[in-house]
Structure formats: C-alpha cells, structure tokens
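There are 2 protein chains.
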Amino acid sequence: MKKIDGLRACALVLLFAAAAAAQAQGQRRGLPVQPLANGPFEYMTGEPMKIRVQVLARGLEKPWSLAFLPDGSMLITERPGRVRHFRDGRLMPDPIPGVPAVRFSLLGGLSDIKLHPDFAHNHYVYLTYDKPMGDNGEVLTVARAVFDGRALKDLKEIFTVEGATSMSRMLFAPDGKLHVSVYGESHEIAQDPMELSGKTLRLNDDGTVPTDNPFVGRKGYRPEIYTLGHRSPEGMVWHDGKVWEVEMGPNGGDEVNILEPGGNYGWPYVSMGRSYAGPYQSDKFKREGMIDPVVFWVPSISTTGMAFYTGNKLAAWKGNLFVGGVRYGEIPGTGSLSRVVFNENMEEIRREALLTDLRQRIRDVRQGPDELLYVLTDETDGAMLRIEPAE
Amino acid sequence: MKKIDGLRACALVLLFAAAAAAQAQGQRRGLPVQPLANGPFEYMTGEPMKIRVQVLARGLEKPWSLAFLPDGSMLITERPGRVRHFRDGRLMPDPIPGVPAVRFSLLGGLSDIKLHPDFAHNHYVYLTYDKPMGDNGEVLTVARAVFDGRALKDLKEIFTVEGATSMSRMLFAPDGKLHVSVYGESHEIAQDPMELSGKTLRLNDDGTVPTDNPFVGRKGYRPEIYTLGHRSPEGMVWHDGKVWEVEMGPNGGDEVNILEPGGNYGWPYVSMGRSYAGPYQSDKFKREGMIDPVVFWVPSISTTGMAFYTGNKLAAWKGNLFVGGVRYGEIPGTGSLSRVVFNENMEEIRREALLTDLRQRIRDVRQGPDELLYVLTDETDGAMLRIEPAE
Numbered sequence: 001m002k003k004i005d006g007l008r009a010c011a012l013v014l015l016f017a018a019a020a021a022a023q024a025q026g027q028r029r030g031l032p033v034q035p036l037a038n039g040p041f042e043y044m045t046g047e048p049m050k051i052r053v054q055v056l057a058r059g060l061e062k063p064w065s066l067a068f069l070p071d072g073s074m075l076i077t078e079r080p081g082r083v084r085h086f087r088d089g090r091l092m093p094d095p096i097p098g099v100p101a102v103r104f105s106l107l108g109g110l111s112d113i114k115l116h117p118d119f120a121h122n123h124y125v126y127l128t129y130d131k132p133m134g135d136n137g138e139v140l141t142v143a144r145a146v147f148d149g150r151a152l153k154d155l156k157e158i159f160t161v162e163g164a165t166s167m168s169r170m171l172f173a174p175d176g177k178l179h180v181s182v183y184g185e186s187h188e189i190a191q192d193p194m195e196l197s198g199k200t201l202r203l204n205d206d207g208t209v210p211t212d213n214p215f216v217g218r219k220g221y222r223p224e225i226y227t228l229g230h231r232s233p234e235g236m237v238w239h240d241g242k243v244w245e246v247e248m249g250p251n252g253g254d255e256v257n258i259l260e261p262g263g264n265y266g267w268p269y270v271s272m273g274r275s276y277a278g279p280y281q282s283d284k285f286k287r288e289g290m291i292d293p294v295v296f297w298v299p300s301i302s303t304t305g306m307a308f309y310t311g312n313k314l315a316a317w318k319g320n321l322f323v324g325g326v327r328y329g330e331i332p333g334t335g336s337l338s339r340v341v342f343n344e345n346m347e348e349i350r351r352e353a354l355l356t357d358l359r360q361r362i363r364d365v366r367q368g369p370d371e372l373l374y375v376l377t378d379e380t381d382g383a384m385l386r387i388e389p390a391e
Numbered sequence: 001m002k003k004i005d006g007l008r009a010c011a012l013v014l015l016f017a018a019a020a021a022a023q024a025q026g027q028r029r030g031l032p033v034q035p036l037a038n039g040p041f042e043y044m045t046g047e048p049m050k051i052r053v054q055v056l057a058r059g060l061e062k063p064w065s066l067a068f069l070p071d072g073s074m075l076i077t078e079r080p081g082r083v084r085h086f087r088d089g090r091l092m093p094d095p096i097p098g099v100p101a102v103r104f105s106l107l108g109g110l111s112d113i114k115l116h117p118d119f120a121h122n123h124y125v126y127l128t129y130d131k132p133m134g135d136n137g138e139v140l141t142v143a144r145a146v147f148d149g150r151a152l153k154d155l156k157e158i159f160t161v162e163g164a165t166s167m168s169r170m171l172f173a174p175d176g177k178l179h180v181s182v183y184g185e186s187h188e189i190a191q192d193p194m195e196l197s198g199k200t201l202r203l204n205d206d207g208t209v210p211t212d213n214p215f216v217g218r219k220g221y222r223p224e225i226y227t228l229g230h231r232s233p234e235g236m237v238w239h240d241g242k243v244w245e246v247e248m249g250p251n252g253g254d255e256v257n258i259l260e261p262g263g264n265y266g267w268p269y270v271s272m273g274r275s276y277a278g279p280y281q282s283d284k285f286k287r288e289g290m291i292d293p294v295v296f297w298v299p300s301i302s303t304t305g306m307a308f309y310t311g312n313k314l315a316a317w318k319g320n321l322f323v324g325g326v327r328y329g330e331i332p333g334t335g336s337l338s339r340v341v342f343n344e345n346m347e348e349i350r351r352e353a354l355l356t357d358l359r360q361r362i363r364d365v366r367q368g369p370d371e372l373l374y375v376l377t378d379e380t381d382g383a384m385l386r387i388e389p390a391e
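Chains as they are written, first to last, in the numbering used here: chain A, 1 to 391; chain B, 1 to 391.
Derived by calculation from the structure, the hints in this document are not laboratory data.
Check before you lean on any hint, since a few could be wrong.
Said to hold, decoys possible - Distance condition first, Cα-Cα at most 25 Å in a straight line; then the derived SDA-like pairs of lysine to any residue:
1. B:Lys284 x A:Arg287
2. B:Lys286 x A:Arg287
3. A:Lys286 x B:Glu260
4. B:Lys286 x A:Glu288
5. B:Lys286 x A:Val294
To be verified - Beyond 10 Å from chain A on every Cβ pair, some chain B residues (computed):
6. Leu69
7. Arg87
8. Ile189
9. Phe215
10. Thr380
Claimed, not checked - So these bits of chain A aren't anywhere near chain B, every CB distance computed over 12 Å:
11. Gly59
12. Gly72
13. Gly81
14. Leu115
15. Asn122
16. Arg218
Predicted, not measured: the structure shown is a model, and the values here were computed from it.
Cβ atoms here follow ideal geometry from the backbone N, Cα and C, with glycine treated the same way.
Next up, chain A with everything else stripped away, as it sits in the complex (with noise of 0.2 Å):
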C-alpha cells in the first residue's frame, strides 16, 4: 500500500485533531443532540433484569462528579465552576457558595469532588479544578476546604500540577491516602518519571507526600507518583484490594487497568488503538515492563468515571463494574454506561451496554447508599439518573 507523503501525513493530523475536537465539544458528526426524555424508562437487561430509570435532575450544565453527604444529601460538580447541592429530592436553584475561579474550557474547568474519609467529623471536602493563571495559562490544582452544610469555606491549596490541566480523578484508598489521576494526553510526557502528566499520584490528604510510596528515595523520579504511563485517567475506584483506573484510549483502546505501586501502563508505548490520523499508535500491543488492560474497548466508547456495584437491590449486578462513555456505538456523541462481569479471578466474561438509546454522553456512575446506581450525563443541560430494579 502506498505511503503517504509528510504534507499530506500533516494535513490529516490536523484534520483529525479538529474532528476530536469537535467530538469533545460534543458534535455529533451532523447527527443532531437528542433531547433526554423525561422517562421514567424501562429496560430488560441481560442477567436477566428489568430496569427503571428515574431522571432525578435536570439543568446540570457538564456535571462531573457527585459525592454523597452522611445526611442523604448530594454534592454534584458542574465543569464551568459550580458545586449544585441535591437535596430532599430536588436540585437547590443556587450553587454552594466558596467554590474557586477555575478555567472552563474544552476538556478543563472543575472536575472532581470526594469527602475526606473522616468528614463526619471535619467536614473536609477535596475538589480538582484548573485554577486559571494569567492571560492564559491555568494548573490542575487540588483544594481542600470545610463544607458546613451551606458553603464551602477555608479553601486551602493542598497540591498543583504546573503543566498540566485537563479533568483529574481523586480517591481516597482505605489507609487515608489521596490517589490522584493526571491527564498524559501529549504523549511522552506520560513516562518521564521526573513529570507528573499522564500519571497516578498518591499524597497524604494534606497533599505532602507519603513516605512510603513506590518512587520515594529513587533519582529521577518525581516521589509522588504511584503509577506511570496513562493517556487520560478519568476514572479511579477501590475495589477488591486494589486500586482500579479506567482511561481514554485515543482512535480505540480506552481500558481498565488495576494499578499496582511503581506500575507502568504503557501510555504512549503501547496502546490498543490508533492514532486519530489512522496508523496503530504504537508497532506493539504489548511491551515487557508495561502491565496490560484488564478490560479494553475497541472501538472507543471514550470511557469517563467508573463504579463497581457492591449492594443488593439489583442483585443480578453484585460485583460488576460499571463505565461511563460519552460515545458509543462507534457514534461519537451517543455515550452508554458499560456493565462488565468477572469471573471470581476479576477476569472478564462478558459485558452488557446499557442507556445507549438514550444518547446522552454519560460522565459519572456512582453506587448510593441506597443501593442504587447514579448516573451524570454530560451535556449543556445534564441531568442526575437514578437506575432502580422495576420488579
């Protein structure tokens, strides 16, 4: 087959990179944005089980993520800058006072929010945001401050990234530290060990650095980093002793990887997908040194964030995960929440997508203390889901 020429490889790559673009930015090709009905909607699974899902809230613009409050109540980001409060079954009209000035923009603005472990008694809550800087410029910032039922207050920087922004995932593991993703996207940056793009980090919850991570001590290597090599970690859960991690992969190869201290994932090296412009990102599918997917999706359903479902009121679902997708079916723009089975070794042995008639980009699933699952969808006039067993 005949090779293409540098001018002609250079028009592609930016036709491409314009064509991503306009995908993040939530074009669908032509393909008009369906409206979400008002439902509630039915569906027959494939455990069998029937499904119900509520439309809880509607008018969130770009919610992100959603952490639940000891009182029932919930806290949802929205991208643009704004903490909603979700509360006696409807989302309050004004949002929660205190939140930072954070830089909006095409894959940035505030992302994550998660209580710290003992917030019953310190009120702590952890947000991830791109702090605006200058004319231009911005830095993937972590802040901690004390919500005290209304407003957020004595916001603290706890912990930034220069050069990097984009959307950062948090989770706090069971012995109190901080995991925190950094978007990797510009490629080799991702395995330079002395960078913080494109890696997992684990920080103490003040954000100073634990003495016992994997690189502390070791030269030429930044010691808050935990992993290595990722593209676009949007996704982190604790699961079965382990800290799981789902990310974008570019032109196919989005993926589930359990992290192991110290591990490498690949990212730019290996990759399951292609480059936007077409070729294979990389010649190999699998190097030594570098730890494979667990779970991957070719084609990309451009996975967000992720939840395993622990509870027993959709009992055919105990211990399967959960991934959100801001496109599938090869669609861009028509998301899906991914339901995953594993065998009792966590390896995989089928899978199910759920909603894709709903065509809403899905950002965020997480499992509530009632036991059932809540969705975000992330459009311009999101909404919160509710998914319920129907019989």
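Guided by the hints, dock chain B onto chain A, whose structure is given.
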C-alpha cells in the same frame, strides 16, 4: 489474585461453553426476541447521511448468503438447506430444486452461494454446506451446479474437507481462483499445516490445487492452504487488490485481516480476546511472524459477512467496509451492521454501528448491482433488508 483450581476451571469452561452454545442458538440471556417491525426505518447516520431501510422479504429461515444474477434477481441460501429465489420484487414461495441434503446444526448447514465469474456463459453456481455422513457425521463440501433459471442441476462435489464442518465463505478472486474459508475454532488445528481447518484455501474453479499456491511443494503443508491461523472466518471479499477476511474472536477479539499468501493470522496463539472462562486467550496480543488484524472489536460483535461499498448512491459511504454482527452492545442476540472508514492507506479512522435498534442478528451484507446495500438477518423468521439514501 487467586488462581482457580483445575476442577473449578473445568466447571467454568463447561458453563461458558454452554452459554456460548445458548448464544449461538439465538437465546438472549433472557432477553425476548424482538420481532422485526414492518418499516421502512429511517436513520440519520454519522457522515451525516440519512438512510432508509426497507424490508424487502420476510420468512427466510436463517438466511446466510445471497447472489445477484445477471437478470437482477437473487438467489438466497437458508441454512437448513434451501436456496430461495427473489424475483420481481418478491420471494418466490417454492425453493429452488436441486439443492443437496445438508446437516443443519448449531453452526452448520447450507452456507455460501457464489456465481462463477463466467456465469453468463457456463451458469455455474457454487455452494458450501455440511454434507451428512452416516448417522451423526458430516463433511464440509464445496459443490458446483448448473442453474438453468429454475433449478440447480448436475451438482458435482468439487472439494471436501474431512473433519471440518460449520459455515464456510467463498470468494472468486479476479484471477479466477476460488478462495474458501474453513472454521478452526477447535484451537491447535488452526496452526497445523497438514490440516485444512482454521485456514483459508485457494482452489481452481474445478476444486483442484493451483500450482502457484504459497505452500505448493513444501513438505508438511497441505498445498490448498492460502493462509493459516483462523478461528471462524465467515466473511471474505476482494478489495484494493487483496483478499479481506473477517472472523469472530472468542470472548472479544473479532477481527478483520488483509490476507497475504502464506500468512499466519495467529489463532489460537494470538488473540485480542479472552476465553469464555475469563483468562486472556493468549499471553501475548502479538507474536513474531503472526500478522496483526486491520480492524478488531473488543467486546465482540460476533462478526459474520462483509462488503465494501464502492457505489455512488450512498455517496458518503464510498470506500467504507460493512461488517455484519449477530450481537452488539455486548448483549448476545442484538445484532448490528458496522461501518468502518479507512484513510487512503486502508488504516481505520472511525466506525459506526448501524441497525442496532432493530435487535436483529445480521448475517450478511452485499452491494447490489443497483449500488444499494442488501442485508440478511440471521433469524428463524429472517428477512432481507435494503439500505437506500433517504433524501
């Protein structure tokens, strides 16, 4: 993570083999079969282009392949062992006489039908099928018959594969040679060069072996072999000067390959999929000397037939590859038609899944002489669909 013991592993294998068998039988893990509505169905698709899908014929039992005759009519195979005639816009009620007896089973029966390149003069039609042998045996058979416009006559078996059964695709290449695909799901046999299972073959139009086949004269190799290491090759087409082939993976890992004479495509040593019990099929996604797929699907769509669209009526799809699937969205039984877009180097740049909401298993796809796409649904009450531009 824990290792499973032998007995438990064996139980798991049996469990998932049963599940796979149930899937192959069209059971949907409890999901009810959704009858095909009357249509026509209209869709906005990704380029964007609006299409209309017409139901041209119903009541086909497990249709597998179709062939366009010079007079504009069509011959359609039904897997239980019938050839049907679609003429003047409707399905003739009586099957074509002269079809040999076949053994209809979970994966077997009558499969492909192809016209000789010089059909206009010699009226040769080729069939692949499982010929019954004794009480329970069968043998994969390639036969040639003369179609006189009403019946198949003078049927002659021109090639058989002992020990092989299941669905087999044929292709006449522009050099007049007949390519035949043979299932190799039973693993190691696909790598055995003295066996024909898990291979594609290249034959003369009378079933003899061409002298320029890649392994002719090579000790330890069957001279019929064109390529090795295939699992379940159900689609083959000629495009861009090459044979393109598509095969199902196991639990993930369906793939499209461009066939090089003598090439090894890896099954069962390399696969992007997992075994039905959960572990990855192989310890590597790639091996030296084994050729990578051009397109692959994880999770599986359970690929079937394929076609390149080369016409002008569906202009936005020119050069796209279409691949049928008997499941989609990871739900067994919910079929799809995948559209794959390539760059000028035949590297994939994006995909789209079509017809998913119909929930029909898609068995085959073909471009008609009218430059429209024809689709067969793999259902007990199967149908032939036609895809047209909608405006």
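Problem - Hint consistency between Lys286 of chain B and Val294 of chain A [alpha-carbon to alpha-carbon, up to 25 Å] - result: holds, 17 Å
Handout entry: Hinted pair Lys286 of chain B and Arg287 of chain A, Cα distance within 25 Å
Key = holds, 10 Å
Problem - Verdict on Gly72 of chain A as a residue remote from chain B, using beta-carbon distances over 12 Å - result: For Gly72 of chain A, whose nearest Cβ neighbour in chain B is about 33 Å away, the distance exceeds 12 Å, so it holds.
Exercise for the section: For the pair supplied as a hint, Lys286 of chain B and Glu288 of chain A, confirm whether the alpha-carbon distance does not exceed 25 Å. Expected result: Roughly 12 Å between the alpha carbons, so the hint for Lys286 of chain B and Glu288 of chain A holds.
Exercise for the section: Would you mind confirming whether the straight-line C-alpha gap from Lys284 of chain B to Arg287 of chain A stays at or under 25 Å? Expected result: holds, 9 Å
Handout entry: Outside-interface status for Phe215 of chain B - nearest CB in chain A farther than 10 Å
Key = The claim holds: Phe215 of chain B sits with its nearest Cβ about 25 Å from chain A, beyond 10 Å.
Practice task
Sort out whether Glu260 of chain B lies within 25 Å of Lys286 of chain A, counting only the CA atoms.
Solution key: Roughly 23 Å between the alpha carbons, so the hint for Lys286 of chain A and Glu260 of chain B holds.
Exercise for the section: Just double-check Leu69 of chain B for me: nearest Cβ-Cβ distance to chain A has to come out over 10 Å. Expected result: holds, 34 Å
Problem - Verdict on Gly81 of chain A as a residue remote from chain B, using beta-carbon distances over 12 Å - result: Given a closest Cβ separation of 32 Å, the condition holds.
Exercise for the section: Would you assess whether Gly59 of chain A, listed as outside the interface, keeps its beta-carbon beyond 12 Å of every beta-carbon in chain B? Expected result: holds, 26 Å
Problem - Arg218 of chain A and chain B, when compared Cβ to Cβ, separated by more than 12 Å - result: holds, 27 Å
Handout entry: Distal placement of Ile189 of chain B relative to chain A, Cβ over 10 Å
Key = holds, 25 Å
When held up to the earlier numbered hints, the structure conflicts with none and fits them all.
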